[in-house]
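Peer 1: Let the hints inform the model, and build the full structure from the sequences given.
Residue numbers (our numbering), protein chains in the order written: chain G, 1 to 282; chain D, 1001 to 1193; chain A, 2001 to 2559.
No lab work stands behind these hints, which were simulated from the structure alone.
Hints should not be assumed to be uniformly reliable.
When the alpha-carbon atoms are kept at most 25 Å apart in a straight line, the in silico SDA-like pairs for lysine to any residue are as follows [as the list claims (entries may be wrong)]:
id, chain 1, residue 1, chain 2, residue 2
1, A, K2349, A, I2428
2, G, K105, G, V137
3, A, K2287, G, P73
4, D, K1005, A, R2113
5, D, K1095, D, H1164
6, D, K1161, D, F1003
7, G, K55, A, D2197
8, G, K51, A, F2430
9, G, K57, A, M2555
10, G, K55, A, E2540
11, G, K51, A, E2351
12, G, K55, A, G2545
13, A, K2548, G, T60
14, A, K2349, G, M41
15, A, K2194, G, T60
16, D, K1111, D, A1127
17, G, K65, A, M2196
18, D, K1005, D, N1090
19, G, K93, G, I166
20, G, K21, A, T2324
21, A, K2349, A, K2548
22, A, K2349, G, G53
23, D, K1193, D, Y1123
24, G, K55, A, Q2518
25, A, K2349, A, G2432
Computed Cβ-Cβ distance ranges for the label pairs, DEER-style [to be verified]:
id, chain 1, residue 1, chain 2, residue 2, range
26, G, A192, A, K2287, 54 to 62 Å
27, G, K55, A, E2008, 38 to 46 Å
28, A, E2008, D, A1151, 33 to 41 Å
29, D, Y1115, A, L2128, 28 to 36 Å
The following residues of chain A were derived to be distant from chain G, with all beta-carbon distances above 10 Å [unchecked claim]:
id, residue
30, Q2117
31, I2416
32, L2490
33, D2508
34, A2529
Note that beta-carbon positions come from the ideal geometry of N, C-alpha and C, so glycine has one too.
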Amino acid sequence: MLSGWEALPKSLGTYSADIDKLFWDVTALMTFSWVVSTIVMVYLFGAFTRKEGVKSKYVTGEAGKQLLLIYVPLALFVCFDMYIDVSTAAVWKKVKTHLPEPEVKVRAIAQQWAWTFVHEGDITTVNELHVPAGKVVHVEMESSDVVHSFSIPVFRLKQDVIPGRIITSWFQSKDFATVKAEKASQIARYEAGKGQGVVLSPSEDEEGTAAFDLQCTEMCGVGHGIMAAKIILHSQESYDQWVANNRAEMHEANEDTTAEPAATEAAPAAEEEAPATNGGHE
Amino acid sequence: MGFSKPVATDRSATGIPTGRLAMWILLSSEIVIFGGLLVCYLLYRFHNTEWGHEAAHTNVWAGGFNTFVLLTSSLFIVLAHHAAETDKDNEKAFKWMWATIGCALIFLCVKAFEYTTEIHHGYTAQANPFWAFYYTATAIHAGHVVAGGLAIAICSFDVRKGEHLNRVELTGIYWHFVDLVWIFLFPLLYIAK
Amino acid sequence: MSDHHHHELTFSEKFLFPTDHKYIGLQYLWTSLFMGAVGGFMAYVFRMQLAWPGESVPLFGVVTPQNYNALLTNHATIMIFWVAMPMLIAAFGNILIPLMIGCDDMVFPRLNRLSYQIFFVSTVVLFLSFLVPGGGFGGSWTSYPPLSARAEYSLTPWGSSLWVLAVALEIVAFLVGGINFMTTTMNSRAPGMKMMDIPMVIWMINLAVVLFMFSVGPLVAGAIMLLLDQQLGTSFYIPSGGGDPVLFQHLFWFFGHPEVYVLLLPTFGFMAEVITTLARKKLFAYKTILFSAFMTGILSMIVWAHHQFIAGIDPRMANIFSITTILISIPLAIIYLAYIWTFYGGSIKYELPMMWASAFLVIFLVGGLTGLFLGSSALDIYFHDNTFVVAHFHYTLMPITFFGGFTAITYWYPKIFGRKMLHGLGVIHFWGTVIPFNGIFIPLFMLGLAGQHRKIYDYTHFPDLMQPGFQQLREFATISLVVLALFQLLFVYSMVMSMKTGEVAGNDPWGGTTLEWQCPSPPPHGNFATLPTVYRGPYEYSVPGSDKDVLPQNMPSKA
Chain G
1 MLSGWEALPK SLGTYSADID KLFWDVTALM TFSWVVSTIV MVYLFGAFTR
51 KEGVKSKYVT GEAGKQLLLI YVPLALFVCF DMYIDVSTAA VWKKVKTHLP
101 EPEVKVRAIA QQWAWTFVHE GDITTVNELH VPAGKVVHVE MESSDVVHSF
151 SIPVFRLKQD VIPGRIITSW FQSKDFATVK AEKASQIARY EAGKGQGVVL
201 SPSEDEEGTA AFDLQCTEMC GVGHGIMAAK IILHSQESYD QWVANNRAEM
251 HEANEDTTAE PAATEAAPAA EEEAPATNGG HE
Chain D
1001 MGFSKPVATD RSATGIPTGR LAMWILLSSE IVIFGGLLVC YLLYRFHNTE
1051 WGHEAAHTNV WAGGFNTFVL LTSSLFIVLA HHAAETDKDN EKAFKWMWAT
1101 IGCALIFLCV KAFEYTTEIH HGYTAQANPF WAFYYTATAI HAGHVVAGGL
1151 AIAICSFDVR KGEHLNRVEL TGIYWHFVDL VWIFLFPLLY IAK
Chain A
2001 MSDHHHHELT FSEKFLFPTD HKYIGLQYLW TSLFMGAVGG FMAYVFRMQL
2051 AWPGESVPLF GVVTPQNYNA LLTNHATIMI FWVAMPMLIA AFGNILIPLM
2101 IGCDDMVFPR LNRLSYQIFF VSTVVLFLSF LVPGGGFGGS WTSYPPLSAR
2151 AEYSLTPWGS SLWVLAVALE IVAFLVGGIN FMTTTMNSRA PGMKMMDIPM
2201 VIWMINLAVV LFMFSVGPLV AGAIMLLLDQ QLGTSFYIPS GGGDPVLFQH
2251 LFWFFGHPEV YVLLLPTFGF MAEVITTLAR KKLFAYKTIL FSAFMTGILS
2301 MIVWAHHQFI AGIDPRMANI FSITTILISI PLAIIYLAYI WTFYGGSIKY
2351 ELPMMWASAF LVIFLVGGLT GLFLGSSALD IYFHDNTFVV AHFHYTLMPI
2401 TFFGGFTAIT YWYPKIFGRK MLHGLGVIHF WGTVIPFNGI FIPLFMLGLA
2451 GQHRKIYDYT HFPDLMQPGF QQLREFATIS LVVLALFQLL FVYSMVMSMK
2501 TGEVAGNDPW GGTTLEWQCP SPPPHGNFAT LPTVYRGPYE YSVPGSDKDV
2551 LPQNMPSKA
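Peer 2: Right, here's the structure in full:
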């Protein structure tokens, strides 16, 4: 069951590796802290059990040298703290306070209980975000009702979406070949694990795409638990094709393509492209 | 079987009588509650300068008059305290306590008049968040005026009999707090336009 | 010394409308234990849904999405407000404060009775919220608007308001109770008990009360505004009406973060008492611990927005809160180290309270250290609203409430009921709690790392979260919870049986120095036949030059 266990999801963004590195650094420091403390505690628990005729020591902990017992380990821990603070500041700056120039812009409109994405050329989909791999994408997020939250685990990105505001986040995936290879290894893992209890196949991908989970990560009501969406990463060719197809269809159908949030049924454009998904997609 | 006062009640390791200590602790939590509400109001107000237009419609004369009434009532409760503990004149203390309550009633009548007029003009709590704050803050304050008035009334009868004289001071401290909150509300809601 | 009449209490004065602090404390304790069962049952139901989605849960039925949200919301709300607070603070604060400072009751016994009555009403109101049309509130214990502010979003028109009202009443009950705690501790100490002679648990409980008082005010204001949005259609938090949803978040977390230290400090207090008595050793660095507890309280008031790093606050604010959050680990580390060094050179007896205290120190540390992952704003981008957070706060809050609660109960049970708790049964209960607890939450750390987000009714909608092994982890966690729950039955049994068959305790079964061990078990109404005078600090064990191992606080020094 646990063979091939990967602690973290695939790391597919330009800053996901930075977050992962920070995570492992903190894990090392905290594991060290816990293990050493526990060893000391367990030793003390065992070494000083009550023995007949042996009195305990009288130690106030107020005398200068005794306080070193606190302040020396503390100093080491403070060094850990400072390392965490400094590394954090650098990573936070890269992800959240620095907004690189966009190559692709998308609007994301959250509602109870679906995501509507408006891509370039006003191509509107429901619960599917289509982007080309390797490009800087700006997502301008808004909510039409309550607080939602936009989360893409493979990028380690998360941003709350607040009604009454438009908040912009960004991401940039790795190149398509890498993304597709990682998706293939994920599929292989699923194949290997089939027959071990409940396992869903990952979303089947159309030619030239790789899809991953996109989550709402803020309690938004009764439908929060099934507000599932996908991010679909395209190779450049397949993305251009997708845009062209949808533009053509919109033109043909002569539909109103102003960027209104769609109702929870899939918009016509999405119908064509939506890969068949398994599992309880409503 | 009756309830008998424990020894604990009359001890005073700090030197402050327990009643007074308890009252200050109560007021500390009240200050944080009102303070929280007012900080929210201030944050909103700085962010929404257009609220000044709404605030122009509060009745500064009514508010000013009420400020005078409350300040006077604080004076009356101080006089009651003086009468009870210094002059040892329980009847006079009783009268000053009821003078305080009288002021409270005047305050509440003026407030009722203001509310009626404002609602009549369409300045409801739903109309604009300024009005929502106005009604919320003043209504919670008015609730404290009622509670304080009731407490003073109940204590006044014991005081007239010469019992629990320290409660004049305790209700007085509470009353000064109620007055103080108003001293903050008045400029924030009435004067700042 | 005492010239008022201590009579034998009637049934009504003990169990229905007590003014005696010990009986009021017991009312809080029984209520909190009952509510613990209710909150635990809710967790059982929603975890069963997660492990076997869509299947009928024994003792409940099929779980709808609406049920699921209401269960998780009320599980959290109940555990914090109706289990942890009443058990750790109200029950033990009431029972211990007058006894340990050497007086006969709280300064205002009738106000004390009123505080429980308000608390009782709050419990009734909470239960009512489950029974009304639309059902119980399901917007998380954090109740963020606009979801919580409008019935059109929450779909629980009555439940939302009754829930807010219940919490507000609970808060009022604790503010009222807190007045008694602080006034009594400050004023009614035994003659000779100076500030530094006060036992650490009494300091800790009072610090918790002060911290609570100063942090909850803005939330009371915020809750009133939320109620008005819900019932009167105001728009304090509704953007279309000119309001701001993020304001509520600030008001909530300004309280919510200090609240976890409000819960932690009393348990730290229990640790101090148990470790010193059962290791028969003076507390290491009393003043340093006290100072660190103060610092924890103060720092806890400037970290709140670490719950909101990605909530749409100005990203530059995040750095400040990240730094303060990491800083708070410092006073906590100091307290920890002081407790650890108290064991050094001790004479430890592994009675039940000491077992629980040791388990707390080892396991709470996991929770504390995993907090640093979340205090880092950059890591929090990934972990916010992730199951990793759930594991973190259960590794802190369950040791605080469960292990801390069991530490206190097993330690002071003999004082309250006159007999020690059954040891063998207690040991089985101990292991049956500690081991399954890890079985529940280690899987949640693993699933969280893998990207699993929180408060989700059915993970089968998320292919990336249905990888091989994931559903087994969810099942394992759920089974561990069932095992944990079953072992708690042993505790219930022991609570009852020990009263009849436990070893008779006498005044001082553990060899304690503090004043509660210098009166009968159970203490009569009025506690002490003669109110004590204090001659020394607490924890004077193996004092050099003394022929006695244990020097109680009220034993006169030799002439």
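Peer 1: Indicate, hint by hint, whether the structure satisfies it.
Peer 2: We went through each hint and held it up to the structure:
1. Of the pairs offered as hints, the one joining A/K2349 and A/I2428 holds, with about 18 Å between alpha carbons and a cut-off of 25 Å not exceeded.
2. A distance of roughly 6 Å separates the Cα atoms of G/K105 and G/V137; the hinted pair therefore holds under the 25 Å criterion.
3. Restraint check: the Cα-Cα separation between A/K2287 and G/P73 comes to about 19 Å, which is no more than 25 Å; the hinted pair holds.
4. About 14 Å separates the Cα atoms of D/K1005 and A/R2113, which keeps this hinted pair within 25 Å; it holds.
5. Between the alpha carbons of D/K1095 and D/H1164 the distance comes to roughly 16 Å, so the proposed pair stays at or under 25 Å and holds.
6. For the suggested pair D/K1161 and D/F1003, the alpha carbons sit about 21 Å apart, so the restraint of at most 25 Å is met.
7. At roughly 23 Å between alpha-carbon atoms, G/K55 and A/D2197 fall within 25 Å of each other, so this suggested pair holds.
8. Pair hint G/K51 plus A/F2430 holds up; C-alpha atoms about 24 Å apart against a cutoff of 25 Å.
9. As the CA atoms of G/K57 and A/M2555 are separated by approximately 21 Å, the hinted pair is consistent with the 25 Å bound.
10. At most 25 Å may separate the alpha-carbon atoms for a hinted pair to count; G/K55 and A/E2540 meet this at roughly 13 Å.
11. With a C-alpha separation of about 14 Å, the suggested pair G/K51 and A/E2351 falls inside the 25 Å cut-off, and the hint holds.
12. Straight-line distance between C-alpha atoms of G/K55 and A/G2545 comes to about 12 Å, which keeps the hinted pair within the 25 Å bound.
13. The suggested pairing of A/K2548 with G/T60 holds, with an alpha-carbon distance near 18 Å, which does not exceed 25 Å.
14. At most 25 Å may separate the alpha-carbon atoms for a hinted pair to count; A/K2349 and G/M41 meet this at roughly 15 Å.
15. Between the alpha carbons of A/K2194 and G/T60 the distance comes to roughly 18 Å, so the proposed pair stays at or under 25 Å and holds.
16. Distance hint between D/K1111 and D/A1127 is fulfilled; the C-alpha atoms sit about 19 Å from each other, no more than 25 Å.
17. Between G/K65 and A/M2196, the direct Cα distance comes to roughly 21 Å. Compliance with the 25 Å bound is thereby established for this hinted pair.
18. For the suggested pair D/K1005 and D/N1090, the alpha carbons sit about 24 Å apart, so the restraint of at most 25 Å is met.
19. As the CA atoms of G/K93 and G/I166 are separated by approximately 20 Å, the hinted pair is consistent with the 25 Å bound.
20. For the hint linking G/K21 to A/T2324, the alpha-carbon distance of about 22 Å falls within 25 Å, and the restraint holds.
21. Note on A/K2349 and A/K2548: the hinted pairing holds, with a Cα-Cα distance of about 18 Å set against a maximum of 25 Å.
22. A threshold of 25 Å between alpha carbons decides the hint, and for A/K2349 with G/G53 the separation of about 14 Å falls inside it, so the pair holds.
23. The hinted pair formed by D/K1193 and D/Y1123 meets the criterion: a straight-line CA distance of about 16 Å does not exceed 25 Å.
24. Straight-line distance between C-alpha atoms of G/K55 and A/Q2518 comes to about 22 Å, which keeps the hinted pair within the 25 Å bound.
25. As the CA atoms of A/K2349 and A/G2432 are separated by approximately 21 Å, the hinted pair is consistent with the 25 Å bound.
26. G/A192 and A/K2287 have their C-beta atoms about 60 Å apart, which keeps the hinted 54 to 62 Å range intact.
27. The given range of 38 to 46 Å is respected by G/K55 and A/E2008, whose C-beta atoms sit roughly 42 Å from each other.
28. The hinted window of 33 to 41 Å between A/E2008 and D/A1151 holds, with their beta carbons roughly 34 Å apart.
29. A C-beta distance of roughly 31 Å is found between D/Y1115 and A/L2128, which places it inside the suggested range of 28 to 36 Å.
30. For A/Q2117, the requirement that its beta carbon stay farther than 10 Å from each beta carbon of chain G is met, with the minimum near 33 Å.
31. Every C-beta of chain G lies more than 10 Å from that of A/I2416, the closest at about 25 Å, which supports listing it as non-interface.
32. Even its closest Cβ contact with chain G, about 24 Å, leaves A/L2490 beyond 10 Å, as expected for a residue assigned away from the interface.
33. With 10 Å as the threshold on Cβ separation, the claim that A/D2508 sits away from chain G holds: the shortest Cβ distance comes to roughly 16 Å.
34. For A/A2529, the condition that its CB be more than 10 Å from all CB atoms of chain G holds, with the nearest at approximately 31 Å.
Hint violations for this structure: none, all hints satisfied.
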